[in-house]
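One-letter residues, chain by chain:
There are 2 protein chains.
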Amino acid sequence: MTAALLTDMYEYTMVDAALRDGTAHRQCIFEVFTRHLPQGRRYGVVAGLGRILNYIKDFRPSDDELQFLRDNKIVSEETIQWLENYTFTGTIHAYREGEMFFANSPVLQVEGTFAECTVLETIILSVLNYDCAIASAASRITSAANGRPCADMGGRRAHEDAAIAASRSAVVGGFVSTANLAASLRYGIPAIGTAAHAFTLVHDSERDAFESQITALGKNTTVLTDTYSVEDAIRTAVEVAGPQLGGIRIDSGDLASMAQKARHQLDALGATETKITVTNDLDEYAIAALATAPVDSYGVGTRLVTGSGHPTTSMVYKLVEREGSDGLMHPVAKKSFGKSTDGWRKRALRAYEYGLAQGELVLAGPEDVVNSWDEDTYGDTKDLSIVAIDHGSIDESLTTREALFAARDYHKRTLNELPVNALSLLDGEPAIPTEVITLV
Amino acid sequence: MTAALLTDMYEYTMVDAALRDGTAHRQCIFEVFTRHLPQGRRYGVVAGLGRILNYIKDFRPSDDELQFLRDNKIVSEETIQWLENYTFTGTIHAYREGEMFFANSPVLQVEGTFAECTVLETIILSVLNYDCAIASAASRITSAANGRPCADMGGRRAHEDAAIAASRSAVVGGFVSTANLAASLRYGIPAIGTAAHAFTLVHDSERDAFESQITALGKNTTVLTDTYSVEDAIRTAVEVAGPQLGGIRIDSGDLASMAQKARHQLDALGATETKITVTNDLDEYAIAALATAPVDSYGVGTRLVTGSGHPTTSMVYKLVEREGSDGLMHPVAKKSFGKSTDGWRKRALRAYEYGLAQGELVLAGPEDVVNSWDEDTYGDTKDLSIVAIDHGSIDESLTTREALFAARDYHKRTLNELPVNALSLLDGEPAIPTEVITLV
Chain A
1 MTAALLTDMY EYTMVDAALR DGTAHRQCIF EVFTRHLPQG RRYGVVAGLG
51 RILNYIKDFR PSDDELQFLR DNKIVSEETI QWLENYTFTG TIHAYREGEM
101 FFANSPVLQV EGTFAECTVL ETIILSVLNY DCAIASAASR ITSAANGRPC
151 ADMGGRRAHE DAAIAASRSA VVGGFVSTAN LAASLRYGIP AIGTAAHAFT
201 LVHDSERDAF ESQITALGKN TTVLTDTYSV EDAIRTAVEV AGPQLGGIRI
251 DSGDLASMAQ KARHQLDALG ATETKITVTN DLDEYAIAAL ATAPVDSYGV
301 GTRLVTGSGH PTTSMVYKLV EREGSDGLMH PVAKKSFGKS TDGWRKRALR
351 AYEYGLAQGE LVLAGPEDVV NSWDEDTYGD TKDLSIVAID HGSIDESLTT
401 REALFAARDY HKRTLNELPV NALSLLDGEP AIPTEVITLV
Chain B
1 MTAALLTDMY EYTMVDAALR DGTAHRQCIF EVFTRHLPQG RRYGVVAGLG
51 RILNYIKDFR PSDDELQFLR DNKIVSEETI QWLENYTFTG TIHAYREGEM
101 FFANSPVLQV EGTFAECTVL ETIILSVLNY DCAIASAASR ITSAANGRPC
151 ADMGGRRAHE DAAIAASRSA VVGGFVSTAN LAASLRYGIP AIGTAAHAFT
201 LVHDSERDAF ESQITALGKN TTVLTDTYSV EDAIRTAVEV AGPQLGGIRI
251 DSGDLASMAQ KARHQLDALG ATETKITVTN DLDEYAIAAL ATAPVDSYGV
301 GTRLVTGSGH PTTSMVYKLV EREGSDGLMH PVAKKSFGKS TDGWRKRALR
351 AYEYGLAQGE LVLAGPEDVV NSWDEDTYGD TKDLSIVAID HGSIDESLTT
401 REALFAARDY HKRTLNELPV NALSLLDGEP AIPTEVITLV
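So the sequences go chain by chain: A and B.
Start counting the first sequence at 1; every next residue gets the next number (the UniProt record's numbering).
Start counting the second sequence at 1; every next residue gets the next number (the UniProt record's numbering).
So here's chain A without its partners, still in its complex pose (with noise of 0.2 Å):
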């Protein structure tokens, strides 16, 4: 299955009636959007954009795609001949991923004809609407354990596929390991584990599983402690292992207790190096109330892999300047009720005061207008969008490992710039303002 047939019929249909009547091949500016952040949420994460552009380069249905097409009647041979020869020629601009966004921020702009951007619209939302969903949910679950490494436990809480999409989104919001094979070997995520209570159970004693383990991968691994009492298995995982015993994991029960009596005990068994992961239905509020135990790393499942509440991000793909007959370019906007839209392409900035960021600021109107804006009115200012593709030339840079990593850093160094209202658990509105100012 190729990227290209990840995609609603619609969007074959349009371009099959669009190019028998030639707007297929106006000019178009598409800008993908959210209306607004989930219900309380302060900011959100953008991730993904180096998924979209392998997609993009890979974007044309292979031939048994096109039969299917062509068999099932949904769009006419002149469609199927233009999608078998389909390049990206056109250009797209997009916020970093890290980059923190809000209502109305244009986190990607869609340049060229109607035919090659439409076509794009399903695969691009799709890619936006779980990955941002997953690093904004990544983000306060690592804010929430201030320094404590968080390791993506939640494959199997997640479709199989989504699973290592959602350990790459984890790692721009701050998770610095995964569960997940596929991801460390796709993305070079280090790879963590411990045991399962399977593991202990399926042993004559918890005593031969610990010595299984400890034999195979060295007292430095980290052994499941609570399948039977977890005094009585941190004893005997001392006595095999050692003090240097690497870890303990606690995952069921009053966590921080658990935690606080596990410490004193390893404490009091000489195991003062040995670490305590705990693991159970954790989110950015129940690690927050672990600030004080004495933890040392975090595996997160269920609520990273599900946005913690939020698994998807309402993002839209929506025209706003098109071709018109006569050549110019015009803005265009729907009416729809509680869903206009705002015309024309957007420049996204944001204002700054003493380094601290205090506003997003859209700016929407003519290229050379909107390009040529006084920006000292606002004091300092960052544009936010970079040229993830010039013209068909994708910035393969924007694809490689090395910008994974470099996401995770640029976010956490964006997000220390927001308002400390922004690291706010609680409900409350976006941590800036946005303001979209129209100049015509």
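Do not take every clue at face value.
Note: identical chains are not told apart, hence a pair may lie in one copy or across any two.
No farther apart than 30 Å at their CA atoms in a straight line, the calculated lysine-lysine pairs in the DSS-like style are these [as the list claims (entries may be wrong)]:
| # | residue 1 | residue 2 |
| --- | --- | --- |
| 1 | K412 | K219 |
| 2 | K219 | K261 |
| 3 | K219 | K382 |
| 4 | K73 | K382 |
| 5 | K73 | K57 |
Hints listed in this document are in silico derivations from the structure and should not be mistaken for laboratory results.
Knowing the structure of chain A, use the given hints to seat chain B on it.
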């Protein structure tokens, strides 16, 4: 990326240790179940079995993946060789796709050696946790739609591959069609589509857009009417297509009153057969509220692919019996606080009275005792599990397209056997009680 790497690292490191100490070869029974339905839900719907069987059929790492495991020293060479030759030789019992499940329902039972069962944990859970979440939501949505057809339009709001699984699971829950071409190609689900606002906007006028669409797709097409004024759009569309216009779509505003007004207007124009489709963040509640509106079909997106508030299912994979050093099978259970398990293989029955389901019986105990249990105590009962894999031999009929549509029929039939409160959208108790009975 093969199914074998869509896996948490610890599955392989546990096998590595177990191969060294010999427990890898112990016969085991693992069971998949959830400890509780999502808050307030009356029932869950099984989906994903066909996908799981396909993954098990091909579960073997590629050469690149084996090299990754070797290079990163994740497992020993002995384990690499074991993985190279992996074939599942065990037996899987499962609830049918479309079957209802409740807390503690043994949805899937995996029997085989510890090693061959352990490596399947992650992929089995990923598939069931996502697919059951979507099928469960779809079932509530189609119940609320009460016979009006529902179409999946959620691909853009989900991870791009999860979108395909969502289309499939939606069918299990009663959906009739999908916008997603990949799902249509893979599973034979009828593809549907209308047009986007961009199609209207790229044209010089709404009339130009409708003329183009109707020329390309015929009069039976569905036009999108809320780009500007719905009333004007309907008038224009009927002028262009005549009263044979196939359908209109409304995607914003107060859908009930807009549909009512549209119906009156269409009828007045003679377009009495023109269908009305509504979309816009619909879920079971919104659809229930549209019951009296003259709507012909629903397009459902975000809320379908995110499980209508419950995007995962909390299924777990637990060891319940294993061979001991005496060569006999023994029940095993963990005691983790709040997450303890019940030992012994389970046998699940549904009890009926006058053809109506009265309760779920989950019998635990030695196989012969459980199988000879006297069913008459509970009146009519039905065994809920079927054999999906018998000593390595997969029942291929469960992986076909026909099986998917049969699952939809089966679901509808068995849902009608539940007490009518199952269909309540209000939060409440499970539709029928589950009793776990240990027979030892």
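Going through the hints against the structure:
Neither within a single protomer nor between protomers do K412 and K219 lie at most 30 Å apart by alpha-carbon distance, with minima of 33 Å and 54 Å respectively. When the C-alpha separation of K219 and K261 is checked against a cutoff of 30 Å, the pair qualifies only within one copy, where the shortest distance is 22 Å, while the shortest distance between copies is 73 Å. Proximity of K219 and K382 under a CA criterion of 30 Å is satisfied in neither setting, with 50 Å inside one chain copy and 50 Å between copies. Within a single copy, K73 and K382 get their C-alpha atoms no closer than 49 Å, and across copies no closer than 45 Å, so neither meets the 30 Å cut-off.
Taking the closest pair of Cα atoms, K73 and K57 come within 30 Å of each other only inside a single copy of the chain (26 Å); across copies the shortest separation is 33 Å, beyond that limit.
In this structure, the hints that do not hold are numbers 1, 3, 4, in rising order.
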